[in-house]
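Peer 1: Mapping the sequence shown onto my numbering, position 86 (from 1) lands on 101, and the numbers just tick up by one.
FYI, nobody ran anything at the bench for these hints, they're computed from the structure.
No experiment lies behind these values; they were computed from the predicted model shown.
Hints may contain errors.
With a Cα cut of at most 30 Å, we get these calculated DSS-like pairs of lysine-lysine [what the hints assert, rightly or not]:
(1) K56 <-> K163
(2) K56 <-> K165
(3) K70 <-> K83
(4) K56 <-> K164
(5) K165 <-> K83
(6) K56 <-> K134
(7) K134 <-> K163
(8) K134 <-> K164
(9) K163 <-> K146
(10) K143 <-> K65
(11) K163 <-> K70
(12) K83 <-> K103
(13) K56 <-> K103
(14) K163 <-> K103
(15) K65 <-> K134
(16) K146 <-> K59
(17) K65 <-> K96
(18) K70 <-> K165
(19) K165 <-> K143
(20) K83 <-> K163
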Amino acid sequence: HFEFDPADPSIFYVSAHNFSVSLRGDAVLEGSAVIFKMRIKDGKTIIEGKYSDNKFFRITQHIPFRFKDRTLIAVTNLPNKLDIIDGKNSTLWHRQQIFPSPPLDLSKTGNLACPMFPKSCYSINPTKDGKYIVLEAAIGLIVFDVEKKKFLDLTISRRIPDGFVGIGHTRLVGH
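All chains should be built: construct the whole structure from the sequences, respecting the hints.
Peer 2: What follows is the structure, given as structure tokens:
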């Protein structure tokens, strides 16, 4: 997956999540994820930075956005975290728990099966001003306040009103 920086057209971010879904419906982790910061300069593409850590198991495609003259990158992280990465220096800016869950069992070797949860988020969308990030889970849409670094105390229904159809990741409740 790749996404261009919203402020600098010569920069883009490339990531690999290193997980797949098994026939049982579990996520099979094959190593931690990485996001590379790339720059196109003088006809060449160079790596300017990278972000990863041993607890970074990316779920959603990373989404760069602007907040207070800063490029941040939002991404969800198995099993229950929202990670926000600083685009300038490729470091973790903030990690927020979305819901409580048992920690991943990293003692196994090879592929690691991870259970799915009703509050796991597979779609994220920052607002144009970067003040909020809307996350989609099976239970509904939840909203993270970037400035206050906390989730709002509300869940918005994912039900599509009669007469409309869903596009992208929106779905009817129960489907």
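Peer 1: Decide, hint by hint, whether the structure agrees.
Peer 2: Each hint, compared with the structure:
1. K56 <-> K163: violated (36 Å)
2. K56 <-> K165: violated (38 Å)
3. K70 <-> K83: holds (27 Å)
4. K56 <-> K164: violated (35 Å)
5. K165 <-> K83: holds (17 Å)
6. K56 <-> K134: This hinted pair is violated, its Cα atoms lying about 41 Å apart.
7. K134 <-> K163: holds (21 Å)
8. K134 <-> K164: Roughly 19 Å separates the two Cα atoms, so the pair holds.
9. K163 <-> K146: Roughly 9 Å between the alpha carbons, so the hint for K163 and K146 holds.
10. K143 <-> K65: holds (25 Å)
11. K163 <-> K70: The hint holds at about 24 Å.
12. K83 <-> K103: Holds - the C-alpha atoms of K103 and K83 are around 13 Å apart, at most 30 Å.
13. K56 <-> K103: Cα-Cα ~17 Å, so holds.
14. K163 <-> K103: The given pair, whose Cα atoms are some 21 Å apart, holds under the 30 Å limit.
15. K65 <-> K134: holds (28 Å)
16. K146 <-> K59: violated (34 Å)
17. K65 <-> K96: Judged against 30 Å, a Cα distance of about 19 Å means the pair holds.
18. K70 <-> K165: The given pair, whose Cα atoms are some 20 Å apart, holds under the 30 Å limit.
19. K165 <-> K143: holds (18 Å)
20. K83 <-> K163: Roughly 13 Å separates the two Cα atoms, so the pair holds.
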